[in-house]
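Please put together the full structure from these sequences, using the hints given.
At position 326 of the sequence shown the residue is numbered 1307 (this note's numbering), and the sequence of numbers has no breaks.
Mixed in with the good hints, there may be bad ones.
[To be verified] Quick list of in silico lysine-lysine cross-link-like pairs, DSS-like style, CA-CA up to 27 Å:
no., residue 1, residue 2
1, Lys1133, Lys1245
2, Lys1061, Lys1111
3, Lys1331, Lys1293
4, Lys1133, Lys1061
5, Lys1101, Lys1212
6, Lys1212, Lys1133
7, Lys1354, Lys1397
8, Lys1354, Lys1388
9, Lys1378, Lys1388
10, Lys1409, Lys1354
11, Lys1397, Lys1409
12, Lys1227, Lys1167
13, Lys1331, Lys1390
14, Lys1388, Lys1409
Don't read these hints as lab results, they were simulated from the structure.
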Amino acid sequence: MLDTWFSSALWPFSTLGWPDNTEDLKYFYPTDMLVTGYDIIFFWVARMIFSGIENMGDVPFHTVLIHGLVRDEQGRKMSKSLGNGVDPLVVIDQYGADALRFSLTLGVSPGNDTRYIESKVEAARNFANKVWNASRFVLMNVDQRYDIDVTKLTEADKWILNRFQDAVRDISLHNEEGDFGLSANKIYDFAWSEFCDWYIELSKARLMGDDAEARQAVQAVLLYVLEGLLKLLHPFMPFLTEQLYKYLPGSEGFLMLQSWPEVKPEYDFVEDAAKMEGVMEVIRAIRNLRVEMNVANGKRTRLLLLPGEGWKDTLVTAAPNFNRMAWISETGFIASAEEITEKTVSAITKAGTLYIPLGDLVDFEKELARLQKEQDNLNKEIARAEGKLNNQGFVSKAPAQLIEQEKAKLATNQEKLAALLARIEELKESM
982 MLDTWFSSAL
992 WPFSTLGWPD
1002 NTEDLKYFYP
1012 TDMLVTGYDI
1022 IFFWVARMIF
1032 SGIENMGDVP
1042 FHTVLIHGLV
1052 RDEQGRKMSK
1062 SLGNGVDPLV
1072 VIDQYGADAL
1082 RFSLTLGVSP
1092 GNDTRYIESK
1102 VEAARNFANK
1112 VWNASRFVLM
1122 NVDQRYDIDV
1132 TKLTEADKWI
1142 LNRFQDAVRD
1152 ISLHNEEGDF
1162 GLSANKIYDF
1172 AWSEFCDWYI
1182 ELSKARLMGD
1192 DAEARQAVQA
1202 VLLYVLEGLL
1212 KLLHPFMPFL
1222 TEQLYKYLPG
1232 SEGFLMLQSW
1242 PEVKPEYDFV
1252 EDAAKMEGVM
1262 EVIRAIRNLR
1272 VEMNVANGKR
1282 TRLLLLPGEG
1292 WKDTLVTAAP
1302 NFNRMAWISE
1312 TGFIASAEEI
1322 TEKTVSAITK
1332 AGTLYIPLGD
1342 LVDFEKELAR
1352 LQKEQDNLNK
1362 EIARAEGKLN
1372 NQGFVSKAPA
1382 QLIEQEKAKL
1392 ATNQEKLAAL
1402 LARIEELKES
1412 M
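Here it is as structure tokens:
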């Protein structure tokens, strides 16, 4: 008597016309990869292999990707007896098929079980909405396809193109290695944090400005990156991406038939991207200071910048971004802290030191406590680095590159601490 897995073992070739030597059988047997759960390795995988060797003279697939099981929120295996199963059709009706598909991939490491958690599906639905709204914004502002002219690009353009290059490299590698959870994480971070939250916001000033060349340059980059993003996301959210792709200017046919994004060396703007990261750090620092000082949204403040060595030109060019993205009314540049004649709050970044006038918005005691907390954190980091570098066991065994990195971190934190201590003394004198 044959068990229930007998016919399943014949599936790789019986469905293709065997025992006749059909064209489908010649083309599709053997295939490249089988994806299956670890619970049926013996029941199905092994039986397909020996059945294929016996009847076809060759294995039915070259690679087997083993994934885990989907369990309930408590980590239990879903079963009829427990009544803890989830009807996917109900979930799809509520959140969409793409959201369910993406939630079961995001953050899952190869071979490990995952838990079905409805909040993850909801988060994936929110991500889909984010991509949809970002695409609508691009389509409302780009009505035709333009070639990218590298001579017209700003540092923000070069930054997003460089980050897209990195995303293509990472996602392609993770997919080839079968690590789809890491691929999903990478596309999520790139789409939400880098493209939507940063680049689209940075693009708005030029899209709404009077400079036609600047507007065309940013339109070209927006469409190029959006199209690439949809291609990277397509294996995870096929319905959403296919629907959006057909509205892109110049799109042809189905997205599923288009080529995978290629890495283009001419878009590796590593130095420009690093400069843009410095600008973004300044914007984050301004936002953080405003939050810590409880400055109301919409309340604009002046900004004084003491650029680090080699950063002034970059910060001068980026000044409009501070106005738009950090509620700055006016940006001024100083050559030394001695030029400041009023009480300020400050933050140190790799691009330079920024000062925001306190006015009536700041509690001086609170600002001093914040600086002292930052001082404590720097002291801990310095102590940690000094402890490592004074540890002969670490120095003798660690790679030379790692030791140099620790020395560089220590020197940077020591410089930050010196500037911070000077700022604390200055604040105490003005209280």
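For each hint, the structure was consulted:
1. Under the criterion of a C-alpha separation no larger than 27 Å, the hint pairing Lys1133 with Lys1245 is consistent with the structure, at around 18 Å.
2. A distance of roughly 36 Å separates the Cα atoms of Lys1061 and Lys1111; the hinted pair therefore is violated under the 27 Å criterion.
3. For the suggested pair Lys1331 and Lys1293, the alpha carbons sit about 12 Å apart, so the restraint of at most 27 Å is met.
4. The hinted pair formed by Lys1133 and Lys1061 fails the criterion: a straight-line CA distance of about 62 Å is larger than 27 Å.
5. Between Lys1101 and Lys1212 the alpha-carbon distance is near 23 Å, which keeps this suggested pair within the 27 Å criterion.
6. For the hint linking Lys1212 to Lys1133, the alpha-carbon distance of about 26 Å falls within 27 Å, and the restraint holds.
7. Distance restraint check for Lys1354 and Lys1397: the Cα-Cα separation of roughly 13 Å lies within the 27 Å cut-off, and the hinted pair is therefore satisfied.
8. Distance check on the hinted pair: Lys1354 and Lys1388 sit about 23 Å apart at the alpha-carbon level, within 27 Å; holds.
9. Taking the CA atoms of Lys1378 and Lys1388, the gap is about 16 Å. The hint holds against a cut of 27 Å.
10. Between Lys1409 and Lys1354 the alpha-carbon distance is near 15 Å, which keeps this suggested pair within the 27 Å criterion.
11. Taken as a hint, the Lys1397 and Lys1409 pair is honoured in the structure, with Cα atoms around 18 Å apart against an allowance of 27 Å.
12. Using a Cα cut-off of 27 Å, the hinted pair Lys1227 and Lys1167 holds, with the two alpha carbons roughly 24 Å apart.
13. Note on Lys1331 and Lys1390: the hinted pairing holds, with a Cα-Cα distance of about 12 Å set against a maximum of 27 Å.
14. This hinted pair does not check out: Lys1388 and Lys1409 have alpha carbons roughly 32 Å apart, beyond 27 Å.
Hint compliance for this structure: hints 2, 4 and 14 are broken, all remaining hints hold.
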